[in-house]
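**Q** Chains A and B supply the protein sequences, listed in that same order.
For the first sequence, the working numbering assigns the number 193 to the initial residue and increments by one for each residue that follows.
For the second sequence, the working numbering assigns the number 193 to the initial residue and increments by one for each residue that follows.
Hints should not be assumed to be uniformly reliable.
It does not matter which identical chain is used: a pair holds within one copy or between any two.
As the list claims (entries may be wrong) - Derived lysine-lysine pairs resembling DSSO-like cross-links, with alpha carbons at most 30 Å apart: (1) K206 <-> K311; (2) K306 <-> K242; (3) K206 <-> K306; (4) K311 <-> K271.
Rather than coming from a laboratory, the hints here were simulated on the basis of the structure.
Number of protein chains: 2
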Amino acid sequence: MSLPSRLEKMCLDKGLQMTGPRRVIAAVLSEFADHPDVEQVHQRAVLLDKNISIATVYRTVRLFEEAGILERHDFREGKARYEEVPLQHHDHLIDLKTNAIIEFQDEQIERIQKEIAQKFGYTSVDHRLELYGIPAENSEKK
Amino acid sequence: MSLPSRLEKMCLDKGLQMTGPRRVIAAVLSEFADHPDVEQVHQRAVLLDKNISIATVYRTVRLFEEAGILERHDFREGKARYEEVPLQHHDHLIDLKTNAIIEFQDEQIERIQKEIAQKFGYTSVDHRLELYGIPAENSEKK
DNA sequence: TTATATGCAAAGCTTTTGCGCTGGC
DNA sequence: GCCAGCGCAAAAGCTTTGCATATAA
Chain A
193 MSLPSRLEKM CLDKGLQMTG PRRVIAAVLS EFADHPDVEQ VHQRAVLLDK
243 NISIATVYRT VRLFEEAGIL ERHDFREGKA RYEEVPLQHH DHLIDLKTNA
293 IIEFQDEQIE RIQKEIAQKF GYTSVDHRLE LYGIPAENSE KK
Chain B
193 MSLPSRLEKM CLDKGLQMTG PRRVIAAVLS EFADHPDVEQ VHQRAVLLDK
243 NISIATVYRT VRLFEEAGIL ERHDFREGKA RYEEVPLQHH DHLIDLKTNA
293 IIEFQDEQIE RIQKEIAQKF GYTSVDHRLE LYGIPAENSE KK
């Protein structure tokens with residue numbers, strides 16, 4: 193918790209003021225490779241600094257998202273989940289049985305998406321692709 | 193407003209009890225080809241029956257969604273939007289400048305999505321693909 | 001020092017729910 | 001007549017915000 197996290201470095205690149213709470217929240221988000229919701233981020237942050245309030249977590253993840261260093265996801269649960277902007281873009285496959293989240297990349301899909309936007313006269317600035325699946329019967333379970 | 197809407201027929205097929213409010217909400221959702229949120233559905237329903245409450249609209253769209261005759265969308269506005277389950281599946285391109293919603297279909301993407309799920313040992317039961325774009329000429333100007 | 005960030009609590013928004021009454025079947 | 005559905009209002013769940021204080025630069 194003393195070394196600056198990858199996210200903290202990105203904050204500095206963006207010229208964000210690095211306060212105590214922001215450093216802790218950045219560290220927490222860098223450390224975990226899952227997709228925590230705000231309450232989970234807060235719970236983890238409080239372990240490092242028990243004074244951090246949930247309001248600050250909300251303000252900070254919004255700030256980080258607007259700075260382009262965090263991605264917000266909504267997996268249809270009525271609340272947001274966050275992850276570091278990944279080095280390489282990926283989409284998500286959600287296991288409806290276990291709620292596991294599997295990340296994947298597909299060049300073809302990325303290319304076709306751009307083409308579709310172009311076809312309608314748009315420049316694609318963002319997209320969201322989520323697959324919802326159940327374990328196939330005839331393959332081994334994880 | 194006296195003829196049964198397409199949605200009302202689908203309700204009957206599913207064995208849902210057709211009350212006054214449900215008939216009105218089904219008609220309203222069948223009549224408009226856009227993607228109204230719950231408040232808009234309610235506003236339109238009230239024109240036909242001023243006693244319909246927003247609670248009933250919430251209950252009804254949830255019922256319809258669970259019956260598989262309505263699709264719920266979340267276009268990152270913090271509230272749900274609904275549309276009739278379409279005759280042919282389509283995805284959405286959202287114009288970030290005007291909030292226009294453009295529907296499109298792409299066979300290739302559908303096929304690749306199934307393949308990806310398979311590759312990870314899943315059967316794809318649902319997916320969500322949204323493209324967010326800005327008009328191409330605008331992006332040139334900036 | 002001075003602007004910005006924080007903590008706390010209150011409020012905002014969308015959505016759900018408890019309850020007594022209404023109305024389809 | 002019964003039981004599901006309805007309207008109303010209250011509440012739940014997530015998120016934002018006003019304000020006084022604390023802190024980074």
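**Q** Look at each hint and say if it fits the structure.
**A** Hints versus structure:
no.: 1; hint: K206 <-> K311; verdict: neither (34 Å within a copy, 38 Å between copies)
no.: 2; hint: K306 <-> K242; verdict: neither (45 Å within a copy, 45 Å between copies)
no.: 3; hint: K206 <-> K306; verdict: within (27 Å within a copy, 39 Å between copies)
no.: 4; hint: K311 <-> K271; verdict: between (33 Å within a copy, 29 Å between copies)
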